[in-house]
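**Q** Position 215, counted from 1, in the sequence shown is what this note's numbering calls 197; the numbers after and before it change by one each time, with no gaps.
Treat each hint with caution, since some may be false.
Stated by the list, open to error - Ranges of calculated distance between the beta carbons of each label pair, as one might list FRET restraints:
#1 Leu32 <-> Thr246: 42 to 48 Å
#2 Thr(-16) <-> Pro183: 43 to 49 Å
#3 Arg37 <-> Val214: 17 to 23 Å
#4 Ala106 <-> Leu128: 40 to 46 Å
#5 Val247 <-> Thr10: 25 to 31 Å
#6 Val245 <-> Trp46: 43 to 49 Å
#7 Ala(-8) <-> Val247: 43 to 49 Å
Rather than coming from a laboratory, the hints here were simulated on the basis of the structure.
All values derive from a computational prediction rather than experimental measurement.
Using N, Cα and C, we set each Cβ at its ideal position, and we do this for glycine too.
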Amino acid sequence: MTRRGLILFAALGIAWGVPYLFIKVAVTELDPAMVVLARSGLAAILLLPLAFFRREVWPVVRRWKPMLAYTIVEIVLPWYFLSSAEQRLPSSTAGLLLATVPLAGVAIAFAMGRPAQLSRMNWAGIGLGMLGVAALVGFDIGGSDLIAVAEMAVVVVGYALGPAILARWMSDLPGVGVVAVSLAGTAIVYVPFVLLTDGWPSVWPSEAAIVSIVVLAVVCSALAFLLMLALVTEIGPVKATTITYVNPAVAIVAGVLVLGERVTVWTVVGFVLVLLGSYLVTRRRRETIAAEELEVASAEQLR
């Protein structure tokens, strides 16, 4: 990896590892729906001008059916349930539970009729990942808030289903346009929802809550996506997927240092099992993708 690649990798790892911390701070004063509205609205305001300048909005809007499905499962539902769950769960636990997204991706592939060829190592990864979740839910959380755990399950499934929809029906669409339109659509959905459910704050939020919303929108959403595009361009999509294993570690460290969240033995056990399981589940698939990319590159050189 180049020096620029390392810098981009570290920056993206932080940008995608700290959202749980700032969501935790924001939901102490704001309704989860208001958090989603403010975050998506501000991020859309930042990205839409770039998308319009690059003429990437109209091609995305024309594909409105899969775009609507993607927006709902990737942002509208996950962001709300994540914010709601963090009203009761530590931010570090929420970040760690989301490391199971690759495990859910295997189930999504089966459900969409595109089952992956799983080796024994892949199945071992699924087993280890499930044990890690069991350790977190049963011992770290103590089963004290199963509703919050169920909300996190919705988030995990949504984050696994969104890329599957994107890959199957919208892989040819421009990335900035997809993200900008989905963020704008999310904000539009949440405006009436916040007003009808009295989610609008009755008093002006504190400076900490306002800063949290700004960081979530600017750094963790708009900037993070641009960093991801730059990282993929620099080191390729296969190596870029390893960022998944950095984010939970950042979430745990941020929760401990800033919020004083405790780290138990079961937090460490769950962390190791979940990340090892996710790695084993995706290992063979990443190698297969790498081989396919090499074939495509060779074909282009021959032309």
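**Q** With reference to the structure, classify each hint as holding or not holding.
**A** Evaluation of the provided hints:
1. Roughly 43 Å separates the CB atoms of Leu32 and Thr246, a value that falls within the hinted 42 to 48 Å.
2. Distance hint check for Thr(-16) and Pro183: the Cβ-Cβ separation is about 45 Å, which falls inside the suggested range of 43 to 49 Å.
3. Between Arg37 and Val214 the beta carbons are some 21 Å apart, a value that agrees with the proposed interval 17 to 23 Å.
4. For the hinted restraint 40 to 46 Å between Ala106 and Leu128, the CB-CB distance of approximately 27 Å leaves it violated.
5. A hinted range of 25 to 31 Å holds for the C-beta pair Val247 and Thr10, which are about 28 Å apart.
6. Under the hint 43 to 49 Å, the C-beta atoms of Val245 and Trp46, about 45 Å apart, fit the expected range.
7. Between Ala(-8) and Val247, the C-beta spacing of about 28 Å breaks the proposed range 43 to 49 Å.
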